[in-house]
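Keeping their order, the protein sequence lines are chains A and B. Here the first sequence is numbered in my numbering, starting from 55 and rising by one per residue. Here the second sequence is numbered in my numbering, starting from 521 and rising by one per residue.
Any given hint could turn out to be false.
[As the list claims (entries may be wrong)] Examples of chain A residues lying across from chain B (beta carbon under 8 angstroms, computed):
no.	residue
1	G124
2	E125
3	A127
4	S128
5	K177
6	H180
7	S195
8	C202
9	H203
[Said to hold, decoys possible] Looking from chain B toward chain A, a few residues come up when the C-beta cut is under 7 angstroms (computed):
no.	residue
10	H580
11	K584
12	V606
13	N637
[What the hints assert, rightly or not] From chain A, some residues computed to sit far from chain B (all C-beta separations above 12 angstroms):
no.	residue
14	Q109
15	P120
16	H122
17	P130
18	T164
19	F188
20	I193
21	N198
Hints were generated in silico from the structure; no laboratory data involved. C-beta: ideal position from N, C-alpha, C; glycine also.
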Amino acid sequence: MKHFKALALSGALLAATSTILWAEGGVSGAIVKDPTVQKECSACHLAFPAQFLPQRSWQAIMSDLPNHFGEDASLPAETVATIQDYLVANAADANPARAGKGVMRGIKDTDTPLRITELPWWKRAHGEVSPKRFTSDKIKSASNCAACHAGAAKGYFEDD
Amino acid sequence: MFQPKILFTAAVLFAVAGTAQADPRRDAILADLAAKAKIENSAFNAFDAKAGNAFFMANHTGGKPDTPSCTTCHTKDPRASGQTRVGKAIKPMAVSANPDRFTDQATIEKWFTRNCNSVLGRDCTAEERGNIITYLSSL
């Protein structure tokens, strides 16, 4: 019984802190759990996990949705605030004591990267993929995570 | 013996599938746009599928460089699926292929606002919106 309670408690903690696991075979638990963030961000692309960028990057992206990587992605102000709050609360550097250290490694304090694919950890992880493969008709863009990571929409980015 | 009947049934089914289904929500949205178009331009008479077709297929200027046309993402065949610039599938725009199209005011407002600004660098007029919806309902 005690055991069960402890399990239930750790489950609740996991859900609350959006734990993401970086392991040898890939990344798991990297998923957007907020329904508004999931719905709006996945309209055009995978709802990229909050843990893949620093807080300042999400703030910069959310402050200029009318110019969103070459398109107008405007949303009502209250929806923008909901999304930004979630992304900042779960960003790579939201809790320096925990996960996300790998994501932050190599980013200068003075830099505000806007693309996950520019980050040193992303480049390390995808170094063996030829650039031509990313721009092929089927994949189109390195932002199309799910083209290669079949479990991406469920938060699982397996090693290929 | 049964073949003519089967062929006839297939022809009827094809005719039904080839015509957009009417939906009172879409009719109300078009009626509202027509009233607005009349205010914008007193010479406005009715929406024109041909003008909507030309607008949808055209390359426009004034917008963002990566999105010169509706067809950039929706392709030149609105009955087929499109693809966002990062490779995610977009359901067909033609009402015959996707009966939910143009039945929700908030969705229409959100996407016309975004996409007209991306493609044209401005909002679309009520007449342009109505022409596009009429064209995509006629396929």
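Status of each hint after checking the structure:
no. : hint : in the structure
1   : G124 : 4 angstroms, holds
2   : E125 : 5 angstroms, holds
3   : A127 : 6 angstroms, holds
4   : S128 : 6 angstroms, holds
5   : K177 : 18 angstroms, violated
6   : H180 : 15 angstroms, violated
7   : S195 : 4 angstroms, holds
8   : C202 : 11 angstroms, violated
9   : H203 : 13 angstroms, violated
10  : H580 : 14 angstroms, violated
11  : K584 : 5 angstroms, holds
12  : V606 : 4 angstroms, holds
13  : N637 : 4 angstroms, holds
14  : Q109 : 23 angstroms, holds
15  : P120 : 7 angstroms, violated
16  : H122 : 9 angstroms, violated
17  : P130 : 9 angstroms, violated
18  : T164 : 28 angstroms, holds
19  : F188 : 10 angstroms, violated
20  : I193 : 6 angstroms, violated
21  : N198 : 4 angstroms, violated
Hint check: violations occur at hints 5, 6, 8, 9, 10, 15, 16, 17, 19, 20, 21; the rest are consistent with the structure.
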